[in-house]
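J.: Work out the full structure: start from the sequences and follow the hints.
Position one of the sequence shown corresponds to residue 821 (the numbering used here), numbered consecutively onward.
Heads up, some of the hints might be wrong.
[To be verified] Each computed SDA-like pair below joins lysine to any residue, with the alpha-carbon atoms no more than 25 Å apart:
1. Lys1388 x Asp1252
2. Lys1388 x His1597
3. Lys1556 x Ala1538
4. Lys895 x Glu1128
5. Lys1556 x Asp1605
6. Lys895 x Ala1079
7. Lys1556 x Val1146
8. Lys895 x Thr1019
9. Lys1388 x Gly1525
10. Lys1388 x Tyr1375
11. Lys1556 x Glu1540
12. Lys1556 x Tyr1598
13. Lys1388 x Ser1377
14. Lys1556 x His1597
15. Lys1388 x Pro1526
16. Lys1388 x Thr1302
17. Lys1556 x Ala1654
18. Lys1556 x Ala1524
19. Lys895 x Arg986
20. Lys895 x Asp1011
What the hints contain is simulated information worked out from the structure, not anything from laboratory work.
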Amino acid sequence: LTAPITFVELPIQAHYAPNVHATIQHWDPLDNELTQRTYRSVPDLMLRVATTEVTVPATDRLLNVEIIQDRESYKPGETANVTLRVTNWQGVPVSAEIELAVVDEAIFALAADNVTPLYDAFYFNRPDQVRTLDNMRPQRSLWIPYGGGMGGGGGDYFDGPRREFRDTAAYFPALRTDANGEVQVAIPLPDNLTTWRLTARAVTGDTQIGTMQEQLLVTQDLLLQPLLPAQLVEGDTIQLSALLHNRTGTALTLAATLALADETALALHGSAVQEVVLPAGGQQLIGWPIEALTASEALVTITMTNAEGQIVDQVELPLPVVRRAVHSVTSEAGQLGAELATTVTIPDSELREAYVAVTLNRTIASSLLDGLEDLTGYPYGCVEQTMSRALPNAVVSRALTQLNVVDPVRFASLLPYIEASVQRLYGFQHGDGGWGWWFSDPTHDYQTAWVVFGLAQTAESGYPVNETVLANGSDWLARHLTEMDERTRAFALYAMALTGRYELNETRILAAAPDRLDSFSVAALALTLHEAGYAAEAQQLVDYLLASRPAGQSYWSGDIEDGYYTRKTMASDVRNTAMVLTALARIRPAAPQIDEIADWLMGQRQAFGWGTTNETSFAIIALTDYLVSRSEFAEVAEYEVWWGDELVASGTIGPEAPQASVAIPLAELTPGEFPLRVTQTGQGPLYYRVDTHLYEQASPGAAAGPVAVTRSYRLPAAGEPTLSFQPGDLVRVELKVVVSEAAAYVLVEDKVPAGLEPINPGLDTSSGEAQQHYGSHYSYLEMRDGRVSFFITELAPGTHTFVYFARVVQSGTFSAMPAEMYAMYDLTVWGRSAGAIVEIPPGG
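T.: And the structure:
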């Protein structure tokens, strides 16, 4: 190098893109006087290093993507024909794979698209990861990169009512361009009057990247916009509103007519027809006074006509009316020989919609299908519940298809549910490889073991599972084994064994002292040893399990005094017994006790599965293993169901129809006790379940449950509780929960009155005050039509307040159904607030 400046010419290579780092190194004599103050041993020289970044744009990697529409605008329900054209940076057509999404533009006003631009994801500037060390430096620093985890116009157009409204019009994951770099796509449009965002992302086999966005307009000159709540409650009154638009250049006389499909559910107080004169480019809000009478899936149709009586727009939408009552279910289940005689007790309750449901199953297999439907339809989606939705579906579908018990075509429909759940679990995985109850929770040992256990069995059932995700989860368990409670450790060892990873030393240490474990853990250890090929040791633990069962008892109880373990691992008699049944079915299927254990487990069925989602999952898996270990034959039998002296149902049950369901309405009855009798002519057992569905009126002041729950509504500025508001008000809703003992996996949920709309603090449109976090800590907040749900992983003893904000959007009188709290895996911990009536006068 020569002073003062040295020029060095370097050729820029294509593979330098997107950037390179030029570094110069120079040995420089040290200032001994300066360095002696810091270091005892002073080197003669020091290596000086200077680096600069050189950006090399990857222009040859950038594709040009065009979206060409066949029209400037479209009508609702039409088909948009779109051409996608892809060329490289030189304008030459290329063969590429294209993903095309058609999404309502309004979505992105609520929250910006969080997808990283495709080009930036591949060709972002890389940091300099080269570090030079020399032996003359007194100190050295070593940089280690952090590794993350996986984780139209006028009145001449009318083509039927608009009733199909969607947020996503279409999605094409893998379109392929032809030799001209083009592909044609026909997009069937729903009935939304909106602007759709078309996003096309293209990629070639050698990772050329391109993205393009265009807008597709669906509109018409005359339109109506209904403003309906998500639902109404019996007794609600509302000013049902619609906004009429005239986008023509002429003032027009228009009429809007309201039609109610079920006048027993909704009553109109006033004229159904309203006439307005709309100026050119004008709009006007109109309304109809409506009262909700009875629970129903009501349908509302609003029709707009011009002065000649021609229909110019029509919208048909559902407006559900729900009961102003709290639903409760009591269940009795078991198996019957020739006859079942039982008594159904009807308390002093609202019987208008109450009923008794009798379900008869000839085989265990048909009962399992009910359990799968309960899990598939479960409305929440934490880590445990997501795994509980995927795993039993995978295990049962494979087993019953192999046994030719059910049509495999039926289970093919389950694949999307399984795949969606598995993908969701990938997203829930933490960078350390583990899982919590929600993604925001710290990694937890039981939750991680449960997911590894579930994913491993899902893979064993023949469904695709990402091996890296599974390995990272198993690695986390291995690193933290010694930190776990021994009982959780036993389950973790079994989960790891299912992935092919055996920790035999830890397994044998625990197996040597089974009296320190619960039956669930001992059964898990037996299964671990069985998986590893140590049959004799597995049999010894089975002997211990059978000997530890109290005489005359067909199930295994847990230590209910061990609060933390029970709460955090969702322990229960059903879970314990299910794991023991799995161990028997796999290790000792000929055990004489196995049938009575399976019968006990079948007898624990409730209206919605076996209790909690975790219990239902373990029960279904265990009964599936039991079913595989024996041959079950659905013998044909005649059955009769008697309610007192009245024959209410009869039929045949067998291979072609292995299940029968009977509903007995209670509307005409008075409270009391009523005999129910079921008879059958078959030789084999008939599994039954009797569910009594009752509805308790949700009246103000009727709080219930061992946990105290109260709710209050406030105007933020005033601060005092009130039940009267004006349209447009911002309302602060407080849910106060008082618990005397610690609880885990808690749901606190409020039913939002129809006149209010909750404000999601995570959306870009939320006000500053509504975006702030108030009240107690929660793990996850979920807002859906008509409800706000707080999920709390750990709830300490004491008083907790959960806060959300809502905007008044409708005028009327609305029922606020009770807010609820319950531990999702211990249904003895629950509470319910009083109901309330919220009043919102019109035109405030």
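J.: Against which earlier hints does the structure fall short, listed by number upward?
T.: none
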